Amino acid sequence: MHPSQAAAQSVPVPPTDRPAAETPHLRMAIRLMKRQLLSWWLLLAVLVGLATWASLADVSGFLQVVVWLGVSLFAAVVADLLLMLEGWTRATGRLLPNSTWRPATAELEQAGRNSLMMTVTEKDGDAFRLRTLGMPTLHREVIARTRNVWVVGPDRNGWAVLVTPGLHSPLGGRLEKGKSRPAHPVLPEAPITGPDAPAADDFVVASQAKNKAGAAGRGYASAGAVVALGVVALVVALLLGEPLVGAAVLVACVAGAVPLFLSARALAVWKPLPELLAAGTWTRLPATFDEGWRPNSRGHADAEAAVRLPSGETVAVKLPQVSCDIVEYTRATGTMWFAGMPQPGSASAVGVPGYPLVDVARL
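The sequence shown begins at 1 in UniProt numbering and counts up one residue at a time.
Certain hints may be false.
Stated by the list, open to error - In silico lysine-lysine, DSS-like type, Cα no more than 25 Å apart, as pairs:
(1) Lys318 / Lys210
(2) Lys271 / Lys210
(3) Lys271 / Lys318
(4) Lys210 / Lys123
As the list claims (entries may be wrong) - Listed next, with one range per pair, are the computed distances between beta-carbon atoms:
(5) Gly93 / Pro310: 45 to 51 Å
(6) Ser311 / Lys123: 40 to 46 Å
(7) Ala316 / Asn296: 19 to 25 Å
(8) Thr314 / Ala252: 33 to 39 Å
(9) Glu86 / Pro136: 18 to 24 Å
(10) Glu304 / Gly93: 32 to 38 Å
(11) Ala278 / Ala316: 23 to 29 Å
(12) Leu175 / Val315: 47 to 53 Å
No wet-lab data here; the hints were simulated from the structure.
Computed from a predicted structure; not experimentally measured.
The beta carbon of each residue, even a glycine, is placed where N, CA and C say it ideally should be.
Hey, can you work out the whole structure from these sequences and the hints?
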């Protein structure tokens, strides 16, 4: 057992005696995935609509070529991916209510520049190969280290759903047919550290902290990009003599940017995570969460927990925008990992060594 496995003993795993759809928070993750997929289809439809409007309006042929070329390039890049995700999403809805998770081991291999293959081997020795869909880098790192997955499927169309221990976000893949390629195994990108090493040296946790610290900036940039798109549309519409159309598009873009801005503002609490990880080695303390905590559609929400310090004192801890994975881990183990020794009146980073789980705690 390597250090990250030892550190995460009792990490929540999917139940094998109940339908897969009953896995905590999995339905929420599927709903979010469907909503994001719908947003991409809507964006594609809007771009096609704008291109159609430009072709019907009395505009120059050059502008028509530019618009249609942009739409065609965008469609070529995303349409195939969206269709694959749509197929997997529909298969997930069919598989989860009627299947139970099966524990298995997984080996990843690089099948192409941007594609991964996964060989899944179940306990009875049965094995199959999947071409994976959109696997996040840190999920890939966890699988490369632990090789543990739980799987349902493949269905009659070859779709399968997988989860890794401790993480509620589902992964997908489709059965690979035909002759297999020579294996190029995906190995861990960084040395595996244990809880006795500085928390900031944990590659997976530190990478996740960096990602989350930049979430607010990315959100603000997205909101600004949406407003900028509206301004460009207004300028183009003025040049075409259609000020009302341009004004309507600008108003719609501003309205769409408002929720993006508010979401980004809420995520600004994650900005100090990288520096909080530098507080020292991991400290594991007994903790309990309020059972009434409910995450939002993105899997996180403000929460409070009770933590018992080494002195025996129990203190209240506030966790702004804490993830459901941290909550589930704490409920399953009765403990919480802190970077360094938490001090009353200060902020700390909480997480799970070796897993992409990290949040802010305020004592």
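Checklist entry - Looking at the structure, which of the earlier hints fail to hold? => result Result: hints 4, 8 break, sorted rising.
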